[in-house]
Each structure stands twice: as structure tokens, then as C-alpha cells.
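One-letter residues, chain by chain:
Number of protein chains: 4
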Amino acid sequence: MDSMKAVVKTGPRLGAELLDKPVPKPEPDWVLVKVRATSICGTDVHIYKWDPWSAQRIGAKALPQILGHEVAGEVVEVGAHCKRIKVGDYISAETHIYDPGDLTSMLGSFHVGMNMKILGVDFDGCFAEYFALPESICWPNDPSIPPWVAAIQEPLGNAAYAVLGEDADVAGKTMVITGDGPISLFAVGVARACGVARIIHLGKYDFNMEIGRRMGADLQLNTNQTTPKERLEFVMDHTGGNGVDIALEMVGSQNSIDDCFAMVRKAGRVTAFGIAAESPLPIDYNNGIVFKGCQIHGINGRKIFDTWYRNRNLLANGRLDPTPVITNLFPLAEFATGFDKMIERPRKSAKVVLFPDKEEYDAAVKQMGKT
Amino acid sequence: MDSMKAVVKTGPRLGAELLDKPVPKPEPDWVLVKVRATSICGTDVHIYKWDPWSAQRIGAKALPQILGHEVAGEVVEVGAHCKRIKVGDYISAETHIYDPGDLTSMLGSFHVGMNMKILGVDFDGCFAEYFALPESICWPNDPSIPPWVAAIQEPLGNAAYAVLGEDADVAGKTMVITGDGPISLFAVGVARACGVARIIHLGKYDFNMEIGRRMGADLQLNTNQTTPKERLEFVMDHTGGNGVDIALEMVGSQNSIDDCFAMVRKAGRVTAFGIAAESPLPIDYNNGIVFKGCQIHGINGRKIFDTWYRNRNLLANGRLDPTPVITNLFPLAEFATGFDKMIERPRKSAKVVLFPDKEEYDAAVKQMGKT
Amino acid sequence: MDSMKAVVKTGPRLGAELLDKPVPKPEPDWVLVKVRATSICGTDVHIYKWDPWSAQRIGAKALPQILGHEVAGEVVEVGAHCKRIKVGDYISAETHIYDPGDLTSMLGSFHVGMNMKILGVDFDGCFAEYFALPESICWPNDPSIPPWVAAIQEPLGNAAYAVLGEDADVAGKTMVITGDGPISLFAVGVARACGVARIIHLGKYDFNMEIGRRMGADLQLNTNQTTPKERLEFVMDHTGGNGVDIALEMVGSQNSIDDCFAMVRKAGRVTAFGIAAESPLPIDYNNGIVFKGCQIHGINGRKIFDTWYRNRNLLANGRLDPTPVITNLFPLAEFATGFDKMIERPRKSAKVVLFPDKEEYDAAVKQMGKT
Amino acid sequence: MDSMKAVVKTGPRLGAELLDKPVPKPEPDWVLVKVRATSICGTDVHIYKWDPWSAQRIGAKALPQILGHEVAGEVVEVGAHCKRIKVGDYISAETHIYDPGDLTSMLGSFHVGMNMKILGVDFDGCFAEYFALPESICWPNDPSIPPWVAAIQEPLGNAAYAVLGEDADVAGKTMVITGDGPISLFAVGVARACGVARIIHLGKYDFNMEIGRRMGADLQLNTNQTTPKERLEFVMDHTGGNGVDIALEMVGSQNSIDDCFAMVRKAGRVTAFGIAAESPLPIDYNNGIVFKGCQIHGINGRKIFDTWYRNRNLLANGRLDPTPVITNLFPLAEFATGFDKMIERPRKSAKVVLFPDKEEYDAAVKQMGKT
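Protein chains in written order, with this note's numbering: chain R, 1 to 371; chain W, 1001 to 1371; chain C, 2001 to 2371; chain B, 3001 to 3371.
Extracted from the complex, chain R is given alone in its bound form (with noise of 0.2 angstroms):
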């Protein structure tokens, strides 16, 4: 157990490698992990490409690195001053890395920290047979979510906290999710889950609007072949004249950000999950948040851990299937092949999970019916 395979970005350009690493060393408050599944988010996707937000981030003296952060394994060895987390224990990873120091931290917010880090972005990433984190974002899975749903965790815990918002005041509501990504169909999925009365669903590729509706959504409006001012009376209509409780914005685009404000009601709220692609952007303060009386919640992250501890219980009791929005498993070793479902357009994909063990792989093929 001193090498293993890992996917490492080993230069400023387009790609990534299958190379021969050795196996990390936690440090003391540090864990190791046999990775069992593994899924490609949207910032590995920068990364690959290499685009001008990596070239910042990261910056290509950082390089080699490791890809990934999307996680679920087995803990093969703690360090010293390890506390909760044992050998053999199954888990998944928070990767917000939050400074105890930060005054968030320090009053319960450590989603959103003045000195955080983040792994595969500030560390070596997860894509490899092993794995080292700290313990303190180490989450304890439930031993009968399957690993291919306890790697997606971690963005499926950006939509819950994106559709419960801060106060987890959703049952009876109606609501609008905007974006046909991985996160907004997940969101559709806990929407539904957590009591949410009626679902619009806003996106524009067919075959990803086919899983938001397989998540649970009600009603379906297509983008791209609506204009904002008919969306707006397709929401009016089905809410009485009132617009919906809560609009979650998860595209970030002006578009988006004008039809949720535009669809919330009267002293509704407003998920800000989406990132703007040009940020300032022009905003209808007046009508859209100031008349409205309505609240916003800046979303980023996951609640540490009650967002984590409030997916484990929906999955574990079966209140939450998110299976249809995970469209293809990969060995490890074919990651390009993953890589590419990602960015391929019109969209043909949602969540790719990715398996550094063959058996694992073919087990995961086996009960989830599809490759």
C-alpha cells in the first residue's frame, strides 16, 4: 500500500493523467481513506479544462495535483490526535476545510469561513485509490447507502440547504428550481422529499428535464423556448395570482436571477444559490426584494453537519431516492470518458461516478442497472 493510480492535473493545459502516486500520510488530526466511489463536480470540470478561474485559483505552481473532492470510502488509518473517526469506519467528506479560529467557525457558521480551504482545490483531491483529509470534515455514513449515492453527497447537501434555506421552513410550500444541472434535479429530489407542495421546474435540455421530472418536479417550463414574461404567467397561474413561497436560483445566470425574483411572492423567500457569471449584475431591488418584503438566503456549502445528518436519515429511510440523476458510472481509469459526458451539449448527462476498484465498479453496474 505505498503507490496507487490517482488522476493527477500535471500541467497548465486541457486534461488530466493516470499516474502512479504514492499512497499519502494523514497527519495527526488527519485521516486515510480506500476510496470507494468517487463523482466529477463541476469544479474539477474547470480544472481539466484548465480555465481562467483554475489558472487563478489553483495557479500552475500548485501542479501536480490530484483531482476531486466528491467522496465515499473506507477510513484505513487515523492519526494520533484523530477524536471521532475510527478505522473502518464508512464515510463521506465535507470539503469545506474551516479554520476553528474564524469567527463564523466560531459562532456555528463554518460552511462560509474568512481562511477556508477546499479539497482537491487547496490539497490533493480524491480521485485515487487512497485518500487523505482531516477528520474534522469526516462524515459517518449510514452503512446501507450504497457508495455511489454516499460519494454525491456532497453536492446533493448543496440542494437541501439550497431548498431548506436557514430556517428549514418548506413543508406545504410551492416552490420554483431553476436549472437543469446535477444540483437543481437533486434539488428537485429533496424538494419533493421534504414536503414541498408543488415544484415548477425551469431548464432547457430535454434529457436532463426527463430526470428533474423523474425527481419529483410538477410542472416543467423550458427556457429556451419561453420568454420571461410567459414563464411569469405560467407561475401566476399556478399559484393563484401570488407567485411561489420560494424560488431557488441555481443557474446563475440574469435570466435565471430575474425570473426568481420575479416569481417569488409577496414575503416569499429567495435561495442565492447560483453563481453570476459577471458579477455586479443589475437586480430589481425595488420591486424584487424591497416592495416584495421578501428574503434572501446566500447559499454556499452545506450545513456542518445538519444538512449532512438530515440527508443521511432521508436516504438511509428511503424518503429520498437520487439515483436517476446519477447517468453514468466509470472505471477510474476511463475518467476521460466521464470527463467528456460532463462537458458534452446539449446535455446527455448529470452525475458521473467514478470507481478506482473494478469489483466495486461492476457491483455498482450490476445494482444500479446502467453503466
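It is possible that some hints are incorrect.
To be verified - Below, computed lysine to aspartate or glutamate pairings styled on EDC-like, alpha-carbon distance capped at 16 angstroms: (1) Lys-3083/B - Asp-102/R; (2) Lys-3083/B - Asp-99/R; (3) Lys-1086/W - Asp-2102/C; (4) Lys-2083/C - Asp-1029/W; (5) Lys-2086/C - Asp-1102/W; (6) Lys-83/R - Glu-3027/B; (7) Lys-3083/B - Glu-27/R; (8) Lys-3086/B - Asp-102/R; (9) Lys-83/R - Asp-3099/B; (10) Lys-1348/W - Glu-1210/W; (11) Lys-2086/C - Asp-1099/W; (12) Lys-34/R - Glu-74/R; (13) Lys-86/R - Asp-3099/B; (14) Lys-83/R - Asp-3029/B; (15) Lys-1086/W - Asp-2099/C; (16) Lys-3086/B - Asp-99/R; (17) Lys-83/R - Asp-29/R; (18) Lys-2086/C - Asp-2142/C; (19) Lys-2083/C - Asp-1099/W.
It is worth saying that the hints were derived from the structure and are not from the lab.
Got chain R sorted already, so can you dock chains W, C and B onto it with the hints?
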């Protein structure tokens, strides 16, 4: 439309009579409703039996009085000063008539005022062909909700408020629900619809426990066949040794109250809904409240109209099906059989719905597939 | 009591006239009030000037119309269907007349309905000896509160709602408050009374900044004499580099909005109260909302009657003294001088109170020690 | 710096001894503090007396043990794995050492875990010249807060959490606070600082009631000189017949608990902070909780570190002056006199502060103007 059939409490003794009564004239801010369906509440049973509570609360001097307060019907007349309800509206009724001058009303807690009046207790009720009530407590139903479901929204609202508590923060949490009367059974269904992730249901009558199972209970315990210690161990075994996030006390017995304060986890929530047979009664104040750092929500009635809004959304969108709890349908004239079903022990029924109109009854029997 | 003096907007041009008008007759659910004190709001100034907003919102056809909506007085007549207000009550008025059929009203958010009417805008106002208004918006004052303070409770309520936000969670927190108009100055006082631990006040007029200091600002910044960067550094220096827990935007300028989103700490709260001069306007959506994980509360009006209740308690128990903000007292007949004070720039006044009754005016001047 | 003076519980009997003890060596994630001021808690008195609670909770086998847990001091050494505290930091200590693996810890309720350890109870305490404690519970003080105030922040935090409850929604509300021990007196001051608009204080010792008056009580009732009925009528008379918005039970006696459930208004809040002398004990469950629709917050410890943050802000900005509650200062060597003051009845003291360093003591005496 001058005279109508009505179930009237005529004297201070067991029973009631079906009599011809004049159709009421609504006050300027009241409305008149043609009753389509009405259901029997435990309060009606108290009055029907004329037990010490009703003798004291209503008093023989108030008789004769028409029974009933759970209702769905069509508005056929509105007083001159009504502002939001119109003739033809299909409504149900909040039964707590709040005083707009109460401090609690002025602060938005309409359901717990100092000078509350109650339909069917302080006024003539709805076990009749027509029924008059204040506009202020009318709730417009969604047309897709059938009358027998619309009628039971009042106790369903108790259940929803008990489940959701003051903050509606239940998604992904674990819950104990005690009791197998109609409101406990509705609570199981609301909890399931609103994303409670694991529901442990405690009751004692086989017939009703089976309804609890159909409403969505994950685990059940028969309180007649278990000791408090066994029940506590069971709950601890199924919650990782922590206890449940939320415990709903819906019985009012010493055993059930003790169960709830023992079973709730630290920093959890107890809903105090059941009315204790005797009060004061002993509570484990230190271990159950102070050291546990838990919250108790005293729940009485329904939030006006927050609870109604959420339930309407859940019902109209197929998120919640309360019909397994509706065990019996009768024409209004057969009200006595309905009361017998409610009084029978061991319980062999949950909610009984009465229909003043024979055609409506026949249609309900046909659609529900039961009588 | 057939005729009364009133300040009337007679035509679509600058100014108003003091005329004899008939004393209004209240509707069955309205009351008639003898006005003891009334104060000038920025909205009155808009109408007085007949700027484009008033020309469009009110329209020349609605004239003549009596101005004014901030009021304290004694109820001298109640309509036949009034339920909680009695002749002799000493009241002030919420000025937002909600529609009880609005969804928001039915859910308890009376202050942001779809069909809101406004006193003095959609109806005759209170710059008169007598004034009629709906019982639904009457608020009983504590008798210990003098009329000139009771009258300004309406803008004080704006300030309180802006400070407290939706959750009233402010104790021991740090706060930025922008602006030096009357509502900003009231907000400083409310924040101080409610346990905000450090108040940083931003304004530009020396006269009003001095009032802010007297109301309890800990630190002040003149926005005319500082750059955005200097202001941000100042706030960071005084909050351990974190930013403030809560930022109250009460100006509506691009600079002030930008300041607030920059100065609020991660996971903090921004109150959006100021109406933007132009909307849409650019907001730093990513850094100010999404990545910050902050909450924005759009604040409009006052919570009915939660805000009123809290302010009554604060005023009646000497916790909050708003009188430094009341800069000028005039007999009603000298209303034009009052408007001149409000319009003057640089500002040399904050709140102007008018008195229909000369004796009341003399008493006020004596007690306040100012004119 | 090898040996130090410390107040040691040497055997299972009344009292303690001032002994020379080795200066402790901090664990890798602990720190060593030079104690500047330390105060005596009721828990210390229990252990000093060696009453049945301490005999059972600590046990003779654990002795000898150093007493004390309320502390302010300077960090003189940090373990190798400390992450946020540095040598030279001026700190106080949360005394509840949470287990990071508790479910409650993982959900952010660090103060009510399953496996909690307590400073001075499960470990050597701070009545000594030096003191070792985990970094996880260190709180950085504002340098402007003198040591005798910094030391009492732990019980002040109890008071703040009791006043603010789970939601910190207290501004402009009315409150009953029972008891005249130090934490009740601190609570009066916190309530006053945080905008509670009317504070009704119940106690029985003249000396301490006078402190309550100085801390900001508006109205006071001596429970030795009044009946429950008289007290209830008094509260109703001063709250418009409604009862108070919030009642803080801080005694634990049957009378005080009954007072609080009777005095809170409908839909109000009761803080359950006092530990009942006997538990279970009778509670008026129906009238006090269910029909009242009130909320009970079980309060134990302090929110880590939300309560600390708010109190630091209040203290550093002069919003809250707790010094009237600090009635006695002694050099550490005179600890026995301090304990005598704490034990004396009728009470003639509230908080007693001890100083290991004579110069620090002299400075404190000079600044406080009392001994």
C-alpha cells in the same frame, strides 16, 4: 330554504335528536353555508355523552344546540359587511373564533386568544343542512379536494401544527408520535408528507395501528404490550442511542408524556398536544427539560391560516392522502351510528364523516369504496 | 363639529392650502379621530411637491385630497361594526390598509399585501382637525406617551422593523446604519435600545449626524468626506476584520447599497429598506450575497402589530427616547413652514410635528423645550 | 514555574486547603493559563461542602482535586496541536468540554452533548496560579474587559442564554425573572441591556434585591412577603391582564416554577433554567403549556460560542455593566472567607472573585472601589 334537518342536543343527557330547525340568518359579517360534509370530533362525543366537561363548559341552559364543527360546504349567503368570501365559494372552517382585540390576535397568534369562542360549543354547529359562521374563520378550499376530505381539514390542521410546531423545521428529522386516535393518525401522514425521515408510532388498538402503518409509520410499538423501559430502548436502538429529534405527545396520559420526555434527544423538541387527564401532573423537569436543553411547543388549534394554507397545498397536489383515516361514512340521519363507532372500544374506527345530502353521500361511498 | 380645518392638496402643482372641510363620517367599520398631533413624512413631501411619483401614484383626478398619515388622536366616533376600538381610545394608526383576502394577510404578513391601500395616499389624510380611518389599523397607545411621540410611531415602526428584521435577533450584535433622514436616526435609537452592541452610523449632514450621535451611534462616518474603500477599512478595523453582523441599508443610493453588501460579515444580515433611486441597479451578487452566505431581509412598512407592540413597550417604559429626532413643532396652520424645513438642504431638521389645536401645541412646546 | 499555590479538595468532608501543587503540563491540544481572576460558582460551593451531589458526581476516589472553573487569564503555553489560541492571548473559558463525536456537537448544539466533561468537576480546576484546559473551550477576551469581569462571563453567559433563549427574540418584550442568586441578577442586567422593555423581578433577600434594582429591574416582588395569587395579580396588573411575554424560571422551586407557568402570557415563552430540588415535580401541563400554546426552552450552559460573542460585544462597548453583582474580592489565599460569604443566609453577597496574584487583587480593589 326556511327549515332544515339538524342534529340537536336537546337536553343534559346522553344523545341527540334529528329535528327540523329554521335555517339560520347570518349576521352582517357572517356567512351561510350549505353543508356538503361534516365529521365527528372527540369534542362532539363529549357533548353527545354530556360528560362533566360539557355540562360545565356548555351548560344545560344553552340547550337546545346543534352539534358539530368540522365542515365543508358551499357559501349560499353572505352578510352585508363580508369582505373576502363570496356566494358560491367552497369553504371549510377554522373553528376557533378569535377576538380581534386580544393581544395574541394583534400579534398574529389568533389561535390562542383570551376570549376565544368555538363553533359548535359556543354557537350552533354544522351537523345540519345549513350552517352560519363568521367570515373571519372561513377558509377557501381547493376545488380538487372532495368534501369528505375538506371536512376533516380541521383535525388534520391540529395534526399538521403538532408535527410542524412553531418553526416547521422537520425535514430529514426523526420523530415519535404517540396515540392512535384520528389526530395521531393524521400526524403520521403529515409527518410522512413533510419529510420526517423516520416515524416511530406508539399506540394500542390493532385496527388503528394498521391505519398508522398505512399512513406511513416506519416502526410501531404497542403500548399495551411493552414497558416504558422497553419502549425507550427500542427508540434508542433506532436512533443511534440519541433519541428522536422530535417527540409528539398526542395522548395526554402520564405514560405517554413520560415516554416523550424520555425519548426526545438532547436539544430536541417535544410537542405538547394531548390534554392531560389530570393536571397538574408530575414531569421529569430536570432530566426531561433542563438538562436536555430541549424545547417544548404547546400546541392548541391550528395556525390561522398558515396551517390551512400548507395543508391545502399538500392535499391539492397529492402529497398527503388522509383517506385511510376516514373509516366511516353515514348519511346525517344516521348520526347515532356514527357516534357509536366513535365510542366503541377497542377502537374499530378513526374518522366518521356525515352527509346531509343523500346524493353527496352516495357519491362519496362510490368514490371512497367504503361506507 | 360639522366643519374642520384641513391641509388640502387642491391641484397638480407645488403646495397645499388650509381649507374648511366637512368633518368626515366614518364607515361602519371605520372610526373618527380628533387629531392631537400629526407629523410630516417624506411621502407627504413628495405629494406637496407634486413630483412625478405623486402625479402617477395619486393623479390629478383624485384631488382635492387631505394630506398626512402619521397621527395620534382620540377616537370620538366608531362605526356600527367596530369590534375593539371604543370612543375615548387614544390611538395611532398603521397606515397600510391591508386586504383581508390577500394571501399574505391570511398568512399573517399583513404589511405586504397585493391590494394594499395607504392612508393619505389612497384616502384623505390626517393633516386636519378630524380624521377617519378603518378600525383594522388603529393601534391603542399607552397613555404615558405624549401625542408628539405617539404620532411619530409610524416611521419609528419602520425603523424598528428595519433594525429587528424578520427575526428580532439583534442583541449583542454589531450594526451599520446608513443615512441621516428621520428613519435612519430613529433606527440608531431603536438599535441602541434593543441591545445592538456597536452601532456604526453613516451619513452626510452635520446637523443630523449630531442627532445620530445623541440617539446612540458609537462611531460615525461622513459619506461625503470618505471613499468607499476608507469606509470599508474603518468598519473592518472596528469589527476585528470580519465586518458587521447586520447592515441596514436605509438610503437607496448605489454607494450606500454597495457599502452595506461590502460591510456585512459572512453569514450576516442586510436589511434592504431604502428605495433605490433607480431599479434595477447593479449588485455584487456573488461576493455580496452568494459567497458571503448572508441573508437579506426586504423591509417594507411595519409588522402589524408586532412592531407596534414592541415600540409601545419601549416607549412606555422609557427604554427609547425618540425626541432628539423631533426637531420642529408647528401649529397646523403653519404647515408650509414645516414643509420648508423638510425640503431644506443641507438638512437642518429631521421630524416635524404639526398640531391642529393651539393649546396642545403650546403644551408640546413647553414640554419639549423647543419649537 | 514548576510549583504553584492551589485550592485543593483533599478529602470527602467540608472545606478545602491551599497547597503547593505542580504546575500542570498541557496536552497537545490543551493550553496553560496564568490565572488573573477566578470566581466562585454554586457548583464550587456544593463541592466545598461535599454534599450528596458532589459525593456522587465526583466521588472520593477522584480526590485530591483543584476546585474552580470560572476564570480569566493569560495563555503562557500551548500544546503542539493547538490551532487558534496563541501564547499571550487573554482568555476566559467555556467550562463544558464537549465531545466532537456527539450528535449534538455535530449539529452545533455543543452545550448539551451526551459525553460532556466539566472543568473543575471532571478535571482539576482554576482556583490556582496556573490552570490547563482544552483549546476547544478557550474564548479570547476583549482587552478592555478587566479580569474580574472576564472571569464572571461564564455565569453571565448562563444568564444571557436564559434571557435570549434559543431565538434571541426579546427586544421590546416584557419579562419575569425569578430568583436573586448571581445568575438571576446577571439576567436582569442582560435583559435590560438587550431591550427587554419591562422587567419584573422576584426574589427574597433584601441585599440581593437591591442589586437587582441596580441591574435594571423595573418592578420587584418579594416572594417571602406575597402569596402566589398576589404575585399573579401584580403581574397581570402590569401587563394589561395578559401576563408577560417571557418568564425566566431561575430558582427551581415549586413556587417559582408555578409562578412562571401562571405569569407567562398565551403564546409566550418560559425559560426552564433552574434545577428543581426534586424531579419529577407537578406541572400544570394543561393550563400552563397546552392551552397556553406557549414555548418552553430548556436552558443549560451557554451557546458555544454565540453567547460568548454577544456578551463580549455588550461588555466591550459598555452596554452591560455586571459589576454591581460582583460583591466581594479576595486574594486566593482567603478563599475560605469567600466560601463563607457564598454560604451565608440571609444572602449578603452575590458573586465572589478570587485573585491568585496580590498585585492584581490590589488593582481590582482600587478600580472596583470595594473588597
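Evaluation of the provided hints:
no., hint, verdict
1, Lys-3083/B - Asp-102/R, "holds (11 angstroms)"
2, Lys-3083/B - Asp-99/R, "holds (8 angstroms)"
3, Lys-1086/W - Asp-2102/C, "holds (14 angstroms)"
4, Lys-2083/C - Asp-1029/W, "holds (11 angstroms)"
5, Lys-2086/C - Asp-1102/W, "holds (14 angstroms)"
6, Lys-83/R - Glu-3027/B, "holds (14 angstroms)"
7, Lys-3083/B - Glu-27/R, "holds (14 angstroms)"
8, Lys-3086/B - Asp-102/R, "holds (14 angstroms)"
9, Lys-83/R - Asp-3099/B, "holds (8 angstroms)"
10, Lys-1348/W - Glu-1210/W, "holds (11 angstroms)"
11, Lys-2086/C - Asp-1099/W, "holds (15 angstroms)"
12, Lys-34/R - Glu-74/R, "holds (5 angstroms)"
13, Lys-86/R - Asp-3099/B, "holds (15 angstroms)"
14, Lys-83/R - Asp-3029/B, "holds (11 angstroms)"
15, Lys-1086/W - Asp-2099/C, "holds (15 angstroms)"
16, Lys-3086/B - Asp-99/R, "holds (15 angstroms)"
17, Lys-83/R - Asp-29/R, "holds (8 angstroms)"
18, Lys-2086/C - Asp-2142/C, "holds (15 angstroms)"
19, Lys-2083/C - Asp-1099/W, "holds (8 angstroms)"
Violated hints for the displayed structure: none, as all numbered hints are satisfied.
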